[in-house]
Amino acid sequence: MAHRRHPAAVDAPRNDVGSLRLSTEARYDHVDGGFKESPDGDAGTRSAHVAQTLQERRNPGDASCFIAVPVRVRTFVHALIVCVPAALVGTACGQVDDPRPAAWEYLSPRLFQPNCATSSCHSRAAAVSGLDFSDPDRGYTSLTGLKVWIVDPQGRKNCLPMEGQTVCQRDFRPMVTPFDPAQSRLVHMLRARGASRMPPDRPLPEADIQLVERWILNGARRHLAPFDGADAALDGGVWTRPAGPMDAADGSLGDGSTD
Amino acid sequence: MRRLVMALTWLTAAAWLFQGRDARAYPQWQLLSGANRCNQCHFSPSGGGLLNGYGRDASGDELSSFGGNGAFLHGAAELPDWLRLGGDFRGAFVANDVGNPDGVRRALFPMQADLQARVALPSGVSVYASVGVRGQVRRNDDLVPQYNYQPIDGSRFISREHYAMWQPQPLGPYARAGRFYAPFGLRLAEHVTYVRRDLGFNLLQETYNLSGGYVAEGWEAHVTAFAPDFLRHMGGSERGASGYAETRWVPGMALAAQVRWADGSGYARTTAGGVAKYHLAMLRTVLLAEGNLVHWTYDGVPARRQFVGGAGAAVWPVRGVLVTLLGERNQEDLGVRFAAWNAATGLVSWFPYAHVELQVMGRVQFPAGGEAAQTLLAQLHYWL
Chain A
0 MAHRRHPAAV
10 DAPRNDVGSL
20 RLSTEARYDH
30 VDGGFKESPD
40 GDAGTRSAHV
50 AQTLQERRNP
60 GDASCFIAVP
70 VRVRTFVHAL
80 IVCVPAALVG
90 TACGQVDDPR
100 PAAWEYLSPR
110 LFQPNCATSS
120 CHSRAAAVSG
130 LDFSDPDRGY
140 TSLTGLKVWI
150 VDPQGRKNCL
160 PMEGQTVCQR
170 DFRPMVTPFD
180 PAQSRLVHML
190 RARGASRMPP
200 DRPLPEADIQ
210 LVERWILNGA
220 RRHLAPFDGA
230 DAALDGGVWT
240 RPAGPMDAAD
250 GSLGDGSTD
Chain B
0 MRRLVMALTW
10 LTAAAWLFQG
20 RDARAYPQWQ
30 LLSGANRCNQ
40 CHFSPSGGGL
50 LNGYGRDASG
60 DELSSFGGNG
70 AFLHGAAELP
80 DWLRLGGDFR
90 GAFVANDVGN
100 PDGVRRALFP
110 MQADLQARVA
120 LPSGVSVYAS
130 VGVRGQVRRN
140 DDLVPQYNYQ
150 PIDGSRFISR
160 EHYAMWQPQP
170 LGPYARAGRF
180 YAPFGLRLAE
190 HVTYVRRDLG
200 FNLLQETYNL
210 SGGYVAEGWE
220 AHVTAFAPDF
230 LRHMGGSERG
240 ASGYAETRWV
250 PGMALAAQVR
260 WADGSGYART
270 TAGGVAKYHL
280 AMLRTVLLAE
290 GNLVHWTYDG
300 VPARRQFVGG
310 AGAAVWPVRG
320 VLVTLLGERN
330 QEDLGVRFAA
340 WNAATGLVSW
350 FPYAHVELQV
360 MGRVQFPAGG
370 EAAQTLLAQL
380 HYWL
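Protein sequence lines correspond, in order, to chains A and B. Residue numbering for the first sequence follows numbering that gives the first Met the number 0, beginning at 0 and increasing consecutively. Residue numbering for the second sequence follows numbering that gives the first Met the number 0, beginning at 0 and increasing consecutively.
What the hints contain is simulated information worked out from the structure, not anything from laboratory work. The structure displayed is predicted, hence computed values, not measured ones. Every clue listed holds true.
Which stretches of chain A does chain B cover? Using the computed rule of at least three CB atoms under 8 Å from a CB of chain B, they are: (1) 104-115; (2) 121-133; (3) 199-205.
Covered stretches of chain B (chain A as the covering partner; in silico rule of three or more C-beta atoms under 8 Å from a C-beta of chain A): (4) 233-242; (5) 263-271.
Residues from chain B that face chain A, not an exhaustive set, calculated with beta carbons under 8 Å: (6) D298; (7) V300; (8) R303; (9) D332; (10) A367; (11) A372.
Where is the CB? At the ideal position from N, CA and C, for every residue including glycine.
Let the hints inform the model, and build the full structure from the sequences given.
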């Protein structure tokens, strides 16, 4: 398996742009897609950021419709008065925060499989553009581990002539740039920002796009690690490219065989 | 090159979105046309696919503006009793506005080409199969590096349904095994509706099933065990079981309860819901509704719940014209207010002559917090 360090791997000095982005999830501007620095210029640390994110995930109800009142009965009555009618008319309880996990274990079955893995698009059968979102593993590889054609007149391995030039298959052009939604092609396509809209028939709700952005901000990890220390959840802080669908065990590009 | 890629992307999207509306029934006709149950007009006990003799006669004598002969090849060829053949062919024009940087996109494309055959064997046994071509404009061998995921060889050729069935009489017990949609929900022909697309019944997601049930005049019940397409990997990955029970004890009304459990790739979901239809004879209208609650469980993250439903009306103002209005809601997560879509769909179908349908569909979707998506689809449908 070829593990290669991602160009945006977070071993850069903490005060560089990459680290700044890591520390500003709460200030990420979903409207224009840019990042806004903290007013006090505090870049924070990745550990603090991840710890905060995971802690929020463990306590998703902080901003729910249950107003913080000390009397349990009053809380229950409030819930009946507010939440039940709201649920009946099809609205939720007014969460400010999204309690859903920004984890691939959730995103794959709930967003990518139903919206992307349709029969003639990114299903296993069609695999349009080499992307297959039909299950979590294939979907994750599609976003993070595919190859790209590179024009390389000197190339000799895994190359072929195309339109009068020599093009070679090389690593890699991920659809997501971990820790950086604004640089992720996936987000641009979900928002139709300089790219064709995906899914092409129904734009995702804003909350879903923001959930994908949160997942990318958290490192676009394949598995949601248990909360046993912030840095431990980041595999030592190094993002590595997962094996592509046709990667051979020796790290070469494999034989190209398909299903 | 960029324009070429954009064009290919759009054509692929158009083909994906609108190709291959499967040869399903129009559930609007139930009650509205006087037929109470699906297999009054179709061979399949859950509707869709080939029309039987009653359905072919009705298409010309009762449902089309100018009549016509609904028999195979307009009655030009006589088939033996044990053999029934048919086909569905559609061409379409679509204009789609989803807020793309380059604006509204339009395409004219072939939508469906399917042939169907049913062979009746002794003792109430029959075999049914359809064959066709899956629409996809983009070539498989360009742009994509060969080491990435590739289409499965021959995946362009499809068979939406193929099954063997035992059904000695239209009324009574039946059993069937093969590929088809498990009886569930309103079974609308439009696969883009949320009650189809988001519940496991999207285009070409037919599962391999072992199904059985009982059909009576006043009620019917179906149970199905299903598994994914293990041969071609077309459609989803779900396996599980479903049940659907419908009563028609009140004249002009059909009420159904349904449940479905599915185990997919990285998740499991349990769906429980209901279907209602009510015929307003004075207004030549049938009211339609379906609602489902879905409980999702995932590998390693907490469970969540979803609501998917819709309601509307189908009006038959004059012979040969069917107007359907449908409102839908897909509350993707009941705990998140803005994780939802609403949609409004209007369909006008004109059946001028037996075997021919002209349809115009307008659909507006409202993703919460996002831009509305508008679609106009016009299609010409001919069936053998």
